Each structure stands twice: as structure tokens, then as C-alpha cells.
Amino acid sequence: MTEAYVVGAGQSPFGSFPDESYRSLFETAFDCATASVDAEFDPKRIDEAFVGTLGVGGRQLGLSGPAVTEHVGLHGIPTTRVENACAASGYAFRSAVASVRAGLADVALAGGYEVMTDTSSDHTKWWLGVSGETEWERLSGTTFSGVYAQMASAHMNEYGTTTEDLSRVAVKNHANGARNPNAHLGFECSLEDAMAAPTVADPLNLYHCCPTTDGASAVIVASEEVAFELSDDPVRVAGMGASSGHVGLFQRDTFTSIPATRRAAEAAYDEAEIGPSDVDVAEVHDCFAIAELVAYEDLGFCAAGESATLLREGVTDPDGELPVNTSGGLKSKGHPIGATGTGQITEIFEQLRGEAHTQVDSPRYGLAHNVGGSGGGATVHLFERADGGER
Amino acid sequence: MNRIAAVGVALPRLRISTAEIADAWGRYSGAGIEEKTVAAADEDALTLAVEAAESALTRGSVAAADISVISLATTTPPLDTEEIAPRLVRALGLPPSTTTRTFTQSTLAGAQALDSGFDADGPALVVAADAPRGDPADADHPFGAGAAAFLLTESGSVERLGSASHVDELAGISYRERGTDELRGLDITGYERNTIRESVTSAAERLAGNVNGVDFDDAAVDGAAVFQPDARMPSRATGNLSIPREALARGTVVGRIGDAGAAGVPLGLAAAFDAADDEDRTLAVFFGSGGGATAMLFEGRVESGLDAALDGGSAVTYPQYLRERGYVGTVDVAGGGAHVSLPTWQRSLDQRYRLAAGRCPKCEALTFPPEGACGTCHRRVEFERVELSRTGLVRAVTAIGYGGAPPEFAEQQRRDGAYDVALVELEHGGESVTLPAQLTDVDSGTVGVGDEVRAVVRKLYEQEGVPRYGAKFAPIEE
Chain Z
151 MTEAYVVGAG
161 QSPFGSFPDE
171 SYRSLFETAF
181 DCATASVDAE
191 FDPKRIDEAF
201 VGTLGVGGRQ
211 LGLSGPAVTE
221 HVGLHGIPTT
231 RVENACAASG
241 YAFRSAVASV
251 RAGLADVALA
261 GGYEVMTDTS
271 SDHTKWWLGV
281 SGETEWERLS
291 GTTFSGVYAQ
301 MASAHMNEYG
311 TTTEDLSRVA
321 VKNHANGARN
331 PNAHLGFECS
341 LEDAMAAPTV
351 ADPLNLYHCC
361 PTTDGASAVI
371 VASEEVAFEL
381 SDDPVRVAGM
391 GASSGHVGLF
401 QRDTFTSIPA
411 TRRAAEAAYD
421 EAEIGPSDVD
431 VAEVHDCFAI
441 AELVAYEDLG
451 FCAAGESATL
461 LREGVTDPDG
471 ELPVNTSGGL
481 KSKGHPIGAT
491 GTGQITEIFE
501 QLRGEAHTQV
511 DSPRYGLAHN
521 VGGSGGGATV
531 HLFERADGGE
541 R
Chain D
27 MNRIAAVGVA
37 LPRLRISTAE
47 IADAWGRYSG
57 AGIEEKTVAA
67 ADEDALTLAV
77 EAAESALTRG
87 SVAAADISVI
97 SLATTTPPLD
107 TEEIAPRLVR
117 ALGLPPSTTT
127 RTFTQSTLAG
137 AQALDSGFDA
147 DGPALVVAAD
157 APRGDPADAD
167 HPFGAGAAAF
177 LLTESGSVER
187 LGSASHVDEL
197 AGISYRERGT
207 DELRGLDITG
217 YERNTIRESV
227 TSAAERLAGN
237 VNGVDFDDAA
247 VDGAAVFQPD
257 ARMPSRATGN
267 LSIPREALAR
277 GTVVGRIGDA
287 GAAGVPLGLA
297 AAFDAADDED
307 RTLAVFFGSG
317 GGATAMLFEG
327 RVESGLDAAL
337 DGGSAVTYPQ
347 YLRERGYVGT
357 VDVAGGGAHV
367 SLPTWQRSLD
377 QRYRLAAGRC
387 PKCEALTFPP
397 EGACGTCHRR
407 VEFERVELSR
417 TGLVRAVTAI
427 GYGGAPPEFA
437 EQQRRDGAYD
447 VALVELEHGG
457 ESVTLPAQLT
467 DVDSGTVGVG
477 DEVRAVVRKL
487 YEQEGVPRYG
497 AKFAPIEE
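Protein chains in written order, with my numbering: chain Z, 151 to 541; chain D, 27 to 504.
One thing to keep in mind: the hints can contain errors.
Here are some chain Z residues pointing at chain D (derived, C-beta under 10 Å) [what the hints assert, rightly or not]:
no.: 1; residue: F191
no.: 2; residue: D192
no.: 3; residue: G296
no.: 4; residue: H305
no.: 5; residue: T406
By construction, these hints were calculated from the structure, which means they are not laboratory data.
The model shown is predicted, which means the values in this text are computed figures rather than measured ones.
We put the beta carbon where it would ideally sit given N, CA and C, even for glycine.
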């Protein structure tokens, strides 16, 4: 089995783009990814593609993968659509790495896209709702934010987490996103703003929720041999972990943790032979503020119930010991469902190569964490700078 | 012959005072009604029937599995064409062999349902439930809602001594045109009053005429529940008889409930039975537009808890009333909804109504819903069916605010406002599972993690015009 490396990664701006289509957004991401490859890169070297999308709006539910790969000239290669709700492209990346490691492809493409802002809010609600457990959770009247709000209520009750803690997630991620030209909501917000926002699903307010966003992202994965031919500074895929979980929150043993994340993280750390304390920078799935706090605990950054302290003490600030969501996260950068997973990997790729907008101090290991639905699926990927941290 | 062994009642939690309605319209047409009940957006004749029947079953000593007949009376079935009693059978967990009878078309339905229950061979449940509506400017003023359920067995404490009817074509006194859900009247006051009085008098006199071998003196009854669209009608309708004023007072509840249609006299009967002594005689006279009147004479007492039900409640303003009852606009939501097909829904009825879960024969853990692999040991097993406790603890909760509801719940939210959805932990035999469910009968934001709640059957949502029902959870009153 060969090692797999990321040799290129890029994304379109995330935001609302009424003049773009899902194909043109994917094209932008694809062009950015190929442009980021150090050597002259001929897209024809891509042997296989995996594309994540939920297909919001129903614009191309069938054959969604080929619909974008043909658009960028990747004619005739095997292309697979990956649908795992918000973890679609985290899983697409997993498939691309698996393909390379197995020797099926020397170069594989993983990417994703979503267009979410061009339908009415009723229609969007329908599409957001389809990733929750339908028969019981949705038909008790719960929205997607409602499910995370239930998680927040349980976390607050069990650990004393406060709405102020939730608001701090927004403040931090908006501060980071304000430095990211690709962010959807690239403005800063004060703690007062984040506390005073209108309620969406109690205890979550508007600032505790990510936006609906248009965007695309793409990552180029290469085998060890090809990687160093294409790149001076490729990023090694050090560990992969993925897990499924009960689709409905109500079916799980715990409402204050996402077990799928825990299992995925354990697998990734095992393969990389490192622990949480070795991680230098992380992009975690913060679709709602409570999700980022729960992720700190599930990824082992702190013990259960201590995420708010970690945040309050600035550990996850860009200049802290373990910066989290330097891109702005889903909260500020945006959450175009299918594009999110490979978008997170794009940030980690840039961080490890020293090219990020909010660059942290010479990181060696980076982590990307992508969750589908409220935890029905999750991926955790660990990346290492190819030179092992020497720069 | 069956006797009444237990009585249960159900009243909506929401109430509106006459003054609120009079303020809105400058007048009020429900004589003697001071306050009335208001069916909320998730309440209808079926949910009220379920609640009253559950209460009667709890108060009685007959297991649901032993009920052989269920008779339901209502003038407001949720659908124009569709048998409604089987929904009640499902919700109550009665056996599929239960004989069902539905009586509708007029407020006389309550008498017809009782008749069939008394004549039944075996334990019977008789439920009268109604939630009439009318033009808010006019006929709607007195309309309330409620349900009364009677559990009938051979050994009940209340005996029916006799029954007699006066039948005539009396069309147009109170009617609902095809295709509308609003009741209307001819509004020929004198004619209507005379017709009702003549029918009521005739039925009562037939009873007194000993047709059924009954020794009956109307001046000697201790309680009387007489047709009560408003509080004056019972004495007006019995003007030709000599029923004592105190007896009529025992069985007149319209002043606090409003005109509950086919459930009006049955609720009055429940009140009269509550107030009775063991030897007391109670007269019931039902009247129904289009059909005439039926009089019944009872002896004995039985508790229904109506007083406690009347004392509860929470006041609404008139604008809230209009919204809650769906008078203000309708919702046409674009974008469809999460489609759970009817066959799929049908398979979940036992879980929705009866909180049926599965116990794993290998690891003993519970799984809900009881399908697929065991939620704990993940083995694919044949679950043992168990019914979860109907009270449980809130483990997580959120409020879905105005405009934030999924499309299926947009109509409810428009009518009822913000609602809470909780994860409720329910137990059986030392094991527990958690269900997602709406909270009801409570203001949003007042139930927290750790609070105790109880299951009630309510309307969840409609799909293609057909209501779907299931469990919601209400707070437990201290």
C-alpha cells in the first residue's frame, strides 16, 4: 500500500452567487486546486474522481458527479457521487485516498459542491430537514437547528455550559473568517452582538448557527511516487478515520457527544500514531456553536464538559496552543453542504504549507473533522507536513 | 343489561371568557355562558375522545383488552368520509375484534351511542366528543369543546332505568351544509324554542308514561342533564315539565364549557352523577336537530372528575382564540415536506399511540422504534413488544419559534405559536429509551431538562388532508 499525499487543494469563494451555477462554482474550485499544484499539472493525470453533494434543490440528484467532472474536462474517468449529508466530501476524500492507496489511481480528485441560496426559504428548509432522522425526529416538528439545540440543552444541563460560551464560538470564528477572503460572512462580531441575536431554536440564536451557502471545493490526492514529482511540499495523509452513527439523536446513548466523531477520531489517531496533543491546527465541524464545543471533547482536545474552558482560555484562538477553525469555520466561512469537507481540508493543506490567511506558527500535524447530519456519519483526517515539521 | 361503571371527561386546557367575545363583537349570543373551552390547534374530537376514554378506563376496572364494543358520538369527525372509531380503537389499544359504532349527524348522537353501549353484549365504551365551529360573528359565540366517556359493564354503579324517544323530521334548527365545517341555524327563535320544548316534553312524557316499565315522576328527579346549547335552554325546554331547578343545575355545565355539541348532555350527565347520592335519580334529555329527542332515566352515582377538569385551564384572548381555532388565514406551504408514506406511517401506529418499543431477547435492552438491529448490542433480533411507561423525563429540549417549523408543522405553528420539542426518556422494566416528541398543553420554554411529562394523544400534522395522530407530552400538574 502506497502512502497518499495531498498535492493541491482549492475552493471557490463561499457565499451567495446568483450568477453562478453548481458547475461554474466547481470549475472555480477545480481551477484553484490545479493551480495550487507546484509543478505544471495536466488535469488529464486525474484517474478517478469522487464528488460530494446533497443536491439541495434537486438540481441534479442523479449522476451529480459526472455532471461536474465533464464540465471541467475530466472526460471518461470513473466518477462517483458521495452523499453523506454534510459529511459528503469528507467521505469523498476518504474514497479518493483509498483509491490511491489501493493503487487504483495514481492521482485522484475529491471535491464537493452545493448551491443553497437560490431557492425559497420554505424549500431550503425541506432540503436541510432531509438529513435529520425523518420518521420520528422531523415528524415531531424538530428542525435541524432544533436537534443541535436539544444537544445544547443537554450539554448546558450536564456541564453548566452557557449561552455566552456558545456565543464565544461565533466571536472567535468570525474574527478568523474576517481575514479569509473566501468567507461567506467575513465580518467580525462582538460578544454583545452574538449574545443579542434573535433566537432560532432555544437555546441557539442566529449567531450560533452557520449560514446556508453556495460554494465548491476540490482536493488533489496523489500516490507517494507521483506526489513528489508534482509538489515540492505535499501534505501526507497521516491518518484516516470514519464512522457511522444512529441518524436520530434520540437513538443515541448520549446527547452531549457525537459517538461517530469519537470512533472516527480514534481510528485516525491510531493510524497516524499520534494523539490529540500532537495536533497543531484543526478545522472542526461547527455547523452550530454547540457542535464545535462537542467536537473539542470528542476529538480529545479536552475532557468531557471542559470545552467551554478551553475556548474561554484562548487555547483554540489562532495564537493559542491548538488553533481551531482558522478559516472561520462553517460559522463564518460558510457551509455549502457538499463542499464543506474538502473545504476544511483545503484550509489544513494551506496551513501545513504555510500559506493560510490566518497562518498558525509552523504546524506539523493538522486535523479535519466533518460531520454528517447531527452525527449519522463523521470523518476525521490527520495530515502531516511531508518534511516532518522542518521548515 | 349493562350499567355505567366509570365515567371519564376531557376538556381542552384553553378557555375564553364571554367578556372577550362580547368585547370583540359588541354583543354575545350564548345566554348564561360565562366561559368556554377552546380546542387548541392539535386538539379535535378524536383527541378529546381518546383522553376521555383513557380516563374512563383508568377509573374503571376493565382492561382495554376486554372491551367488546366502542360507540363514538360526534358531529365533528376529522374527515367527512372515513370511519373514525377504529382510530380510537388503535389509540386505546383495544382488540381488533372490537365492534365499532359511530354516531354522528346531530347532537342526538350521544343518546344513540349510549343506547348501543347499554345494549351491548359485554363491556362497552361509549364516548361523546365534539368541537363544533361556526361563523365567528354569529353562530360560533357559544361553541366550546369537550368529551365524556362512559365505561359500561354488568356490575356498574349506575343503572339505566329506562329510555324513550320522540322522533320527527325537525330539519334546519342547527345544520352544517355539505363541504363546510361551520354550523348554522335558521335563527327563527320562537319556532326553534317551541320545537325543542315539544320534543323534549314528548320524550320525557313517554318515559313517564311507563313505556319501559319505569316508575317516573319528573318532579322527583334529583339531577337532570338536558340539551344545553346555552344555559337557559334546559329550563326553557323543560318548561312543560316540573323538574326542580336544583336538579337542572346539577346537570347543566354549558356555562363553563360552552356548547359542546353531541358531548353537551353527556358532560352534563357526568356532572350530575358526580353530585348524586347512591339512590339519586338523574334524567338525561338529548335533543338533535333533524331527529327529535331522547330521554333516559338513571339511578346511582359515579365519579368523573369533571370539577377538577373545569378548575384547570388557561385563558386566551379573542385574537388568540381566532388563531388557535384556525379562523385566521390558512397556510399553503411551498416545498412539500419530509415524505413519510401512508404505508410507512401505518406501521408506526402502535408506537405513536401505545409507545410500543422492542426488548432485545439477547441483551434485554430496549430499542425504539422497535425495528432493525438492537440499538444496544446491534444484533438483528426478533424484538419482544413492550409498552413503555406513559410518563417520562425530559432529557433535552428546544423551542421551535415562529416561522421556524418544518413545513408539516407550519399550520400548527401559525395557529398555536412556538412549540417545544423534547427528547423524553421512557422506562419499562428497568430499561429505558428516548423518544423525540412535541410538548403540548404548556407555554413554550417552561419545561426543562429533568422535568416529568406524560403522554397524550394529539394531532401531529396533516398530509394530503388526512390528519395523523400520535403521542405528545404534557407537563404533570403538581
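Among the hints numbered above, which are violated by the structure, and what are their numbers in rising order? 1, 2
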